[in-house]
Amino acid sequence: MIEGLLAALAELMTWPTPLYLVVGAIIGLIVGVLPGLGGAGAMALLIPFTFVMEPAQAIAFLMAVGISSGMGGQVTSILLSVPGDPPNAATVVDGYKMTRKGRATEALSAATFGSLFGAVIGLVLMLAVLPFARELVLAFSYPEFFLIALLGLVMISRLAGKSVHKGLISAAFGLMIAFIGLDPVSGNQRFTFGTLYLWDGIDIVPPLIGLFAGAEMIALFAARSNMSLAEHITDRSRVVDGFFATIRNWFLVIRTSVLGFAVGLVPGIGGTVASFLAYGHAARTSRNKAEFGKGAVEGVIAPETANDADKGGALLPTLAFGIPGGVLMAVLLSGLLVHGVPAGPNLLRGDLHIVYVLVLAALIPRLIAGALVLLLGAKATVITKIRGDIIAPVIAVVTLLSVYALRNEILDVFLVLVFCYVGYAMERYGFSRVTLLIGLVLGGLVEQSFHQTMTAFGALGFVTRPLSVVLIAAIIGTLLLPLITGAMRSRKARSPHMEEVR
Amino acid sequence: MNAADPNATRPRPRIEPGRVGFDLFLLVIVGTLVLTAFSLRPAAALVPLIIGVPAALALIVRLVLDVFRVGRDYRPEPAEELDLDADDVAHASVAELTRAARAEIEEENKLDPTESGKQRLFILWGVGYVVLSALMTLFVPPVLGLRTWFLPVAFAAMVVILRLIRIAWWKTLAISAGLIAVMYLLLVVFLQVRL
Chain A
1 MIEGLLAALA ELMTWPTPLY LVVGAIIGLI VGVLPGLGGA GAMALLIPFT FVMEPAQAIA
61 FLMAVGISSG MGGQVTSILL SVPGDPPNAA TVVDGYKMTR KGRATEALSA ATFGSLFGAV
121 IGLVLMLAVL PFARELVLAF SYPEFFLIAL LGLVMISRLA GKSVHKGLIS AAFGLMIAFI
181 GLDPVSGNQR FTFGTLYLWD GIDIVPPLIG LFAGAEMIAL FAARSNMSLA EHITDRSRVV
241 DGFFATIRNW FLVIRTSVLG FAVGLVPGIG GTVASFLAYG HAARTSRNKA EFGKGAVEGV
301 IAPETANDAD KGGALLPTLA FGIPGGVLMA VLLSGLLVHG VPAGPNLLRG DLHIVYVLVL
361 AALIPRLIAG ALVLLLGAKA TVITKIRGDI IAPVIAVVTL LSVYALRNEI LDVFLVLVFC
421 YVGYAMERYG FSRVTLLIGL VLGGLVEQSF HQTMTAFGAL GFVTRPLSVV LIAAIIGTLL
481 LPLITGAMRS RKARSPHMEE VR
Chain B
503 MNAADPNATR PRPRIEPGRV GFDLFLLVIV GTLVLTAFSL RPAAALVPLI IGVPAALALI
563 VRLVLDVFRV GRDYRPEPAE ELDLDADDVA HASVAELTRA ARAEIEEENK LDPTESGKQR
623 LFILWGVGYV VLSALMTLFV PPVLGLRTWF LPVAFAAMVV ILRLIRIAWW KTLAISAGLI
683 AVMYLLLVVF LQVRL
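Quick mapping for you: the protein sequence lines, in order, are chains A and B.
Residue 304 in this note's numbering is what sits at position 304 of the first sequence, and the numbering runs on without skipping anything.
Take any residue in the second sequence, note its place counting from 1, add 502, and you have its number in this note's numbering.
Hints were generated in silico from the structure; no laboratory data involved.
Some hints here could point you the wrong way.
To give an idea of the interface, some chain A residues facing chain B are shown, with a C-beta separation under 7 angstroms as derived from the structure [to be verified]:
#1 Arg190
#2 Asn408
#3 Gly477
Pairwise CB distance ranges, derived in the manner of DEER restraints [unchecked claim]:
#4 A/Phe132 - B/Gly523: 41 to 49 angstroms
#5 B/Val563 - A/Lys294: 44 to 52 angstroms
#6 A/Ala128 - B/Val563: 39 to 47 angstroms
#7 A/His353 - B/Leu693: 38 to 46 angstroms
The structure presented is a predicted model; accordingly, all values stated were derived computationally and were not measured.
By construction, the Cβ of each residue, glycine as well, lies at the ideal position given by its N, Cα and C atoms.
All chains should be built: construct the whole structure from the sequences, respecting the hints.
Below, the structure is given as structure tokens:
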């Protein structure tokens, strides 16, 4: 493993990759600070520009953008009381109070070091669990590949939104779109309606850009730009104050890192839940409970640590099973596919080099972005003065031209528009965009492994292998457990004892 | 609704054309694929039918729920939302914290009428840009050695949108011309894309 990490480090330090990492970290910080545009949207937007890069460089660049956006988000949470991204919302409570008390630099520093420690612990945990995941993956055969893909879709449908019904519809819609193109069994055209454009299926880039970047550009254009730095605030704190506060709270850092990692492991939950849970945990276990909500530094450290440790956890199902832990990982997975990197079980079966590249690419940009945040401090908020309604059309034109430039195909541009509408409507009406994307990504695997199972084992192959049975139980459990617990809860509420209480 | 008056009925929310339209859009696509699958060879149709038929049924149910305005989307929101007050958080359960996190994500997606109007304007502008570029490419010979009208129409589109949001003329022209020049240099000159 050490040799692998060193080889990956050598690759990332080979020119021009360091440049891509720095540029990615800066872009990530900017989009994190800007309201409306998130890390996942920015990653989707930039995928067309990565075609001129080597796969490892492209993956590192995309990772740098996605990872650094969280750090940009913490700047606006602490200085402006406006979370750049939803996972930074829990930081607002105490972070902004610290700014009001003249401790802005301490809060930024504590958040930055918390993020760094959280990221390191999350990635170390990921690397520690990886060999076991690899063993598991090596024991998989066709039925398990099919069922793990199905489990991932069911879990994300269940957890990524409020409605399971809409989640499952999104997943099925993604799968159906993935079936367009040549049939994998006979090689005949299917769902192409006589057009040559659909012969190779739907290319992942236009849907990805439409679903994520399109909806975010629309939001960016309409975003209110009424943020202003808390006026006349004198900052009396120093970077070292935040650093020592993080060190003093080392046990909290470890606990919230483990919490964040565990949350990240479950597909569909994401960093927002991790950071809120960590904030609640810190508030419950702190010796200074009374300080919470009034500028407790633990209230900044805990959510930011968990939010970054979450990425380590989310990386594991993404790499091991091809099931992304969240939106960021879903876009990263698409980036891997676009560059011909076989995400999922096939990745762990082969050379782990790209895994180590990803791990380091998740860490190095954080160091760059962290250094920038600490250097710029309050000056970073100048980015929020940029008007979203000017930037959004500029980005839209650049994106549409780049999408056309990829294959010189006008229909790709129209497809972006269609998926823009789909992404926008899904956001608006409570469907899950990420579930659709996962369906689109996993469609090939689902169909291929289904036919391979039928050929190699017959229909009984799905239910006769122990691992398959476990996966089927997990699928059924994921779908039924919330119904059972809900029914039990309402029965408990209606019990005679509760009636007496009422 | 007044809880003291059991006969009082909650006004039913009106049908949202956008919501129902989106259900129909999904249903038309999935339905078309499912119907097409019936004419395919069994091996090619099997998996699409396994996924597509339940999906089409689920979409019909979704459409019915949205047309008749029943289901979770139309139930009144619970009165008590967990506000991220430190006292609440210290005593909140995992489920409540998870709800608060989800509420935060939903809060980000809420729009006021001005934002909604701006979003519609931007969508119309985007569609207009692409459609006009495609139509011009189809029917008018491109200029300046280009193969399509995407770049020249982008200049016009930028001018239109920037003027609509009341950016000064000189800034509008500078931003539009600068953007087109950068894209021309990057794509046509350096990357030799046949734009």
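Structure-based check of each hint:
no.: 1; hint: Arg190; in the structure: holds (5 angstroms)
no.: 2; hint: Asn408; in the structure: holds (6 angstroms)
no.: 3; hint: Gly477; in the structure: violated (18 angstroms)
no.: 4; hint: A/Phe132 - B/Gly523: 41 to 49 angstroms; in the structure: holds (48 angstroms)
no.: 5; hint: B/Val563 - A/Lys294: 44 to 52 angstroms; in the structure: holds (49 angstroms)
no.: 6; hint: A/Ala128 - B/Val563: 39 to 47 angstroms; in the structure: holds (45 angstroms)
no.: 7; hint: A/His353 - B/Leu693: 38 to 46 angstroms; in the structure: violated (28 angstroms)
Hints 3 and 7 from the earlier list are contradicted by this structure; the remaining hints agree with it.
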